[in-house]
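Q: Work out the full structure, taking the sequences as your base and the hints as a guide.
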Amino acid sequence: MTLEKATLTPYNGEPGVPVEFMFNPTQLAFARNVKWQSEQGNRGNSALPKVNFSGVDPFKLTLNQLVFDTYETHESVVEKYIKNLKKGVESPDGKNKRPPVYYLQWGQKKTFLCVMLSLSYKLDMFLPDGTPVRALVDISLQEVEKENLPGDRQPNSTGRARQTDGRNARSQRNQGQQPPPSSDPANQSDF
Numbered sequence: 005m006t007l008e009k010a011t012l013t014p015y016n017g018e019p020g021v022p023v024e025f026m027f028n029p030t031q032l033a034f035a036r037n038v039k040w041q042s043e044q045g046n047r048g049n050s051a052l053p054k055v056n057f058s059g060v061d062p063f064k065l066t067l068n069q070l071v072f073d074t075y076e077t078h079e080s081v082v083e084k085y086i087k088n089l090k091k092g093v094e095s096p097d098g099k100n101k102r103p104p105v106y107y108l109q110w111g112q113k114k115t116f117l118c119v120m121l122s123l124s125y126k127l128d129m130f131l132p133d134g135t136p137v138r139a140l141v142d143i144s145l146q147e148v149e150k151e152n153l154p155g156d157r158q159p160n161s162t163g164r165a166r167q168t169d170g171r172n173a174r175s176q177r178n179q180g181q182q183p184p185p186s187s188d189p190a191n192q193s194d195f
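Residues are numbered in the numbering used here as their position in the sequence shown, beginning at 1, plus a constant of 4.
These aren't lab readings, by the way, just hints derived from the structure by calculation.
Since we're looking at a predicted model, the values are computed, not measured.
Be aware that one or more of the hints could be misleading.
[As the list claims (entries may be wrong)] In silico BS3-like links for lysine-lysine, alpha-carbon gap of 25 Å or less:
#, residue 1, residue 2
1, K84, K99
2, K9, K150
3, K91, K114
4, K9, K39
A: So, in structure tokens, the structure goes:
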């Protein structure tokens, strides 16, 4: 059996460069919150307020302690790997555009379509000339659906951000309720 590397790849022509993990993650940590709204004043038999279900948040996936090492090649780990990862938390070309949407794929497993919420890294090995050659990276990703990809946010003439992906922002609010998860198999993940 061949070792398959996990990759974080920009989705469908999004700006950015695919990043192949040097060493596969040792664990995938998923978390999802359910939203409940408490109604103050409405109480049941106990002193606790009544709660109403108002939706679910998307899954968050955390990858901790990913190792990137360029000691053997004496290249800068920042130039070879970190620079490309940083594109996930920066506006492309310094403009007021959103960072890319990615998919995480590992071997033949279905993908996890996502945006990067956070990136942190520690440089912990250096060559005698100061070149960083090893980094420990933590990445937090948030699930997105193909039908609801985030749009660019650009300021309008009043200075307020406007959505430029063609969706009507009012229809998305819909009294705080979220649509049910898609049943399209293309949106389903093996992770």
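Q: Is the hinted pair K91 and K114 satisfied, with a Cα-Cα distance of at most 25 Å?
A: holds (23 Å)
Q: With a cut-off of 25 Å on the C-alpha distance, tell me whether K84 and K99 pass.
A: Since the Cα atoms of K84 and K99 sit roughly 23 Å apart, the hinted pair holds (cutoff 25 Å).
Q: Would the hint linking K9 and K39 be met if the CA-CA limit is 25 Å?
A: The given pair, whose Cα atoms are some 35 Å apart, is violated under the 25 Å limit.
Q: Between K9 and K150, is the straight-line Cα distance small enough, at 25 Å or below?
A: holds (24 Å)
When held up to the earlier numbered hints, the structure conflicts with hint 4 and nothing else.
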